[in-house]
Amino acid sequence: MLKGRHIIESTDLSLEELESLFQLAERIVEAPQRFSDRGRGKILATLFYEPSTRTRFSFEAAMLRLGGQVIGFSEPGSSSAAKGESIGDTIRTVGCYADAAVMRHPKEGAPRLASKFSSIPVINAGDGGHQHPTQTLTDLLTIRRLKGDISNKTIGLCGDLMFGRTVHSLVNALAQYDNLHFVFISPPELTIPPYILEELGSNTYEQTNDLEAVMGKLDILYMTRIQRERFFNEEEYLRLKGYYILDAEKMELAKEDMIVMHPLPRVDEIAPEVDRDPRAVYFQQAKFGMYIRMALIMELLGLGGE
Amino acid sequence: MLKGRHIIESTDLSLEELESLFQLAERIVEAPQRFSDRGRGKILATLFYEPSTRTRFSFEAAMLRLGGQVIGFSEPGSSSAAKGESIGDTIRTVGCYADAAVMRHPKEGAPRLASKFSSIPVINAGDGGHQHPTQTLTDLLTIRRLKGDISNKTIGLCGDLMFGRTVHSLVNALAQYDNLHFVFISPPELTIPPYILEELGSNTYEQTNDLEAVMGKLDILYMTRIQRERFFNEEEYLRLKGYYILDAEKMELAKEDMIVMHPLPRVDEIAPEVDRDPRAVYFQQAKFGMYIRMALIMELLGLGGE
Amino acid sequence: MLKGRHIIESTDLSLEELESLFQLAERIVEAPQRFSDRGRGKILATLFYEPSTRTRFSFEAAMLRLGGQVIGFSEPGSSSAAKGESIGDTIRTVGCYADAAVMRHPKEGAPRLASKFSSIPVINAGDGGHQHPTQTLTDLLTIRRLKGDISNKTIGLCGDLMFGRTVHSLVNALAQYDNLHFVFISPPELTIPPYILEELGSNTYEQTNDLEAVMGKLDILYMTRIQRERFFNEEEYLRLKGYYILDAEKMELAKEDMIVMHPLPRVDEIAPEVDRDPRAVYFQQAKFGMYIRMALIMELLGLGGE
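Chains as they are written, first to last, in this note's numbering: chain A, -16 to 289; chain B, -16 to 289; chain C, -16 to 289.
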């Protein structure tokens, strides 16, 4: 039972809680209209201190599809923060108006800080390069739905594994499952940090800079973009961003039932021709993102699983 | 039946489809509350890559008055486009969350491009100086409601006829009707382009730079503003913008049942004193704009005419 | 009966109208869910020509909790005003789409001007340093609910009493009640203007720059922040802003049933340690702000008290 909880990190949920959340999400996936009145009379506040249209849309659509309503801002400029208000005061005031709050913030730790003052559930929708737990929930639900199960897979993660928040959260969450083999694929300058590797539990891993060489053994290929905003140096960014581009030729090396995931937005790292391959599931993944958020909002507001 | 179609240009609808849409719109005008639940459970995305409060409000009010819901952005700054995402990826993602999308974009062709990738209906709400089909639908519905019929009229169009997107779309759409006489009234620097004149079919036209001289013969006077953003040169803009100002004195020359239309916003081209004249229908026109959008959304989403 | 009225200044309501509004608000406070369908089918437009997240959220949540819907903008950049439209034209157009409008504007008098052209009720949500009547209604409802009654109180107002719009409106409204004693607490540079003092009627007042000295006699302490945007000189601002900081030590001097109010956002003028004191009611006050706005919207739209 998650009623009244905050969701700040992807590890805030136990395996049992995850399981229960996924079961609810799957019931929503199968008949979303059955849940179209569960949120009636409830308000979700979307507090975006940095813009992220995709994430905001996903949360807002989730709330609206539950029959609830939304208030919010999508730019720091419109917020009271410009008047020097603390994040604690902001969330306490928002708690007077709304039943739950989603927060995106450029500073690490801001949603955690807000949750300490909040009378309503706070969901972290990304804080700097740190955490974005509902992306992780989205990824896990996608694997579960499309591969039947999360355990016993070979999972490739490709791109910027050093700064990529999405990858770190996902690997941490996957590490709770059994018998996974991770294949970390990145340029040497952007390898996954050692502290992530230390948390893999009984799961195994390998590291490589050669995507083609490992393509054939993957059940799942998780692609990420190389984000300009993580670099101090434009030249460095330009050199690395084209390093791993997934195209139709590389897809020929992959298993027939492999799936290609991506947290989106995608820039150049997946060639448009791959979109037509049925193994490319990144747009389905976005839709699962809305469904898992519907489930999460229902659980946090205690809107009833049945 | 328009279900699932995209509306990118004002000529995307045949005369028969227009007729059916207008009939639905007129039923909405007469009893809007009868339609207040048709959109229940549906979401419209308003994607405004340049601000246009009026157009956005009109679409959002239309959807809300159907009982539907809205997600959206009103400024390019809040969009994922800032992260380098293609318009195709944006619309595919939006299609995961929403049931239809309205797009306003500074670049010509952007809504057309989006529609090619979209799983949901896309409505063009203005692309640069190019097309704005729901404005045209608004204008046609206004004429139909207030003049009984679209054929057999003398229609004056006044102002910037060279760059004025609204006028071009309207003239193209009107050209499908019979027995119209167009009077194009503009300074010599801003006359209507020849390719528009070539498409008038069996209808007739004249061109003049003298508003007063033609005032008495008009059934409809369609005024437009001279838009600063279409000029490279501030001096040129200032010289031309005051060229044709409609005032009470000029209105005395007009027929008693002439109507004055304007797409709004109006700047100086209609003196405020004209607002009190019952022939000034530009605010009624704005209201018809909401009703035609209600009808259009219903048709595109297949929400049932009856 | 307030149906169709505009609310531009806090003195726009008579004592009888206020009384009736508060009675409705109190019925809402006691059972908000009873009113969750009153606004069904209605649309509120929130026109924020300068950002004010808190005020906007309060109005939007009020309308949504009545079952109504909202359209709006939160930044001047998104508005048609950027195209040179007059405020009269804007409100006439908004009146085509919405049933009532809330306006926040940096220029004094803008909401009044808008109301002169408007076919729908206009509520002033702050115009420059001038008026913010729903803040005043919030403050009055808070006093009434938490102190039982508005008359027969000693009310301290502390901070920037010269430029503080909130204080001026509140004092004007309170002056209609009986047997109040005002204690104006400010640095000499920021004393309350004489024209406010002239309107106190039969009520009494004193002025001081010493908060501690008067603390013990207050029934209500209304704190305000010293706003950077009211100063031309950064140095002057920094010197004065720390002048009166309410902390736990000063709270020890106060009556046991005194209440501390604040319009929020708070910066430094109330130490965070005070938040834990049950006499600190500023977050409850924010919640009353939503309820009084629900009552006001119901009255202006004629949505029925019973």
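Errors might be hidden in some of the hints.
Remember, identical chains collapse to one label, so a pair may be satisfied in a single copy or spanning two.
With a cut-off of at most 35 Å between alpha-carbon atoms, the simulated DSBU-like pairs for lysine-lysine come out as follows [said to hold, decoys possible]:
hint: 1; residue 1: LYS(-14); residue 2: LYS270
hint: 2; residue 1: LYS136; residue 2: LYS(-14)
hint: 3; residue 1: LYS233; residue 2: LYS200
hint: 4; residue 1: LYS200; residue 2: LYS136
hint: 5; residue 1: LYS99; residue 2: LYS238
hint: 6; residue 1: LYS99; residue 2: LYS233
hint: 7; residue 1: LYS(-14); residue 2: LYS130
Quick caveat, the hints were computed from the structure, so don't treat them as lab data.
We went through each hint and held it up to the structure:
For the identical chains of this complex, LYS(-14) and LYS270 are neighbours both inside a copy (24 Å) and across copies (22 Å), given an alpha-carbon limit of 35 Å. In this assembly of identical chains, the alpha carbons of LYS136 and LYS(-14) lie at most 35 Å apart only when taken from the same copy (32 Å versus 42 Å across copies). Taking the shortest Cα distances, LYS233 and LYS200 sit within 35 Å of each other inside one copy (13 Å), while across copies they are farther apart (70 Å). Only within a single protomer do LYS200 and LYS136 lie at most 35 Å apart by alpha-carbon distance; the minimum there is 10 Å, versus 72 Å between protomers.
Proximity of LYS99 to LYS238 under the C-alpha cut-off of 35 Å is restricted to the inter-copy arrangement: shortest distance 30 Å between copies versus 47 Å within a copy. When the C-alpha separation of LYS99 and LYS233 is checked against a cutoff of 35 Å, the pair qualifies only between copies, where the shortest distance is 26 Å, while the shortest distance within a copy is 47 Å. With identical chains, the CA atoms of LYS(-14) and LYS130 are at most 35 Å apart both within one copy (29 Å) and between copies (34 Å).
Violated hints for the displayed structure: none, as all numbered hints are satisfied.
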